[in-house]
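Chains as they are written, first to last, in our numbering: chain A, 1 to 115; chain B, 116 to 228.
Hints were generated in silico from the structure; no laboratory data involved.
It is possible that part of the hints are untrue.
Claimed, not checked - Taking lysine to aspartate or glutamate and the EDC-like style, the derived pairs with C-alpha atoms no more than 20 Å apart in a straight line are:
no.	chain 1	residue 1	chain 2	residue 2
1	A	Lys42	B	Glu117
2	B	Lys223	A	Glu44
3	B	Lys223	B	Asp132
4	B	Lys157	A	Glu44
5	A	Lys102	B	Glu117
6	B	Lys220	A	Glu59
7	B	Lys220	A	Glu44
Just so you know, these numbers come straight off a predicted model, no measurement behind them.
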Amino acid sequence: EPEVTQTPSHQVTQMGQEVILRCVPISNHLYFYWYRQILGQKVEFLVSFYNNEISEKSEIFDDQFSVERPDGSNFTLKIRSTKLEDSAMYFCASRADGQGAKTQYFGPGTRLLVL
Amino acid sequence: GENVEQHPSTLSVQEGDSAVIKCTYSDSASNYFPWYKQELGKRPQLIIDIRSNVGEKKDQRIAVTLNKTAKHFSLHITETQPEDSAVYFCAKLAGGSQGNLIFGKGTKLSVKP
């Protein structure tokens with residue numbers, strides 16, 4: 001069964017540094033998402049991406065964040081200048097196109113630690 | 116903004132007993148309500164979902180009920196087993212969105228053998 005994959009699994013960075021988190025969505029999916037989960041808390045929506053552009057973003061997704069689909073398979077989340085409070089698990093998710101296709105499949109996550 | 120309230124935050128049951136987790140929401144435009152199971156350090160995995168045109172859906176030991184009038188939905192696990200121990204998140208589709216999910220705060224279920 002196809003799965004969403006993410007790299008790296010863990011990332012440790014210094015405050016102020018840039019990080020890029022990578023995701024490979026399921027191959028025939030057209031909607032892509034980033035969520036984050038601070039340790040012990042709920043999963044929070046960051047951004048959705050469709051047809052090569054951002055379709056929606058949350059208040060968390062400020063100017064420090066950006067997303068890109070650099071090629072036909074990868075979907076990346078960049079944090080330009082990391083802050084301590086960016087430490088969290090970041091999940092990528094994808095879903096198929098179509099009115100009935102509502103299921104989102106999550107990747108294994110990248111645990112980001114900002115020191 | 117839209118919100119999903121989930122209760123209880125922790126739930127401990129004996130193996131074989133039933134477990135019920137409840138969620139309420141505020142926005143009436145939602146039409147899709149998934150439940151995710153998350154084991155420690157792992158990804159959320161969809162276990163069951165329900166759409167607004169039905170009131171109940173069952174898959175083996177798991178069932179979900181939806182009351183759109185009262186704006187609440189519940190997860191029922193029967194004959195619980197130790198491997199059911201995990202954090203369970205309810206979620207709903209944000210109204211008018213491209214599929215953004217709004218999650219509850221989670222319920223940590225512990226099933227004691």
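Right, here's what the structure says about each hint:
no.: 1; hint: A:Lys42 to B:Glu117; in the structure: holds (14 Å)
no.: 2; hint: B:Lys223 to A:Glu44; in the structure: holds (18 Å)
no.: 3; hint: B:Lys223 to B:Asp132; in the structure: holds (16 Å)
no.: 4; hint: B:Lys157 to A:Glu44; in the structure: holds (16 Å)
no.: 5; hint: A:Lys102 to B:Glu117; in the structure: holds (19 Å)
no.: 6; hint: B:Lys220 to A:Glu59; in the structure: holds (18 Å)
no.: 7; hint: B:Lys220 to A:Glu44; in the structure: holds (10 Å)
The structure shown violates none of the earlier numbered hints.
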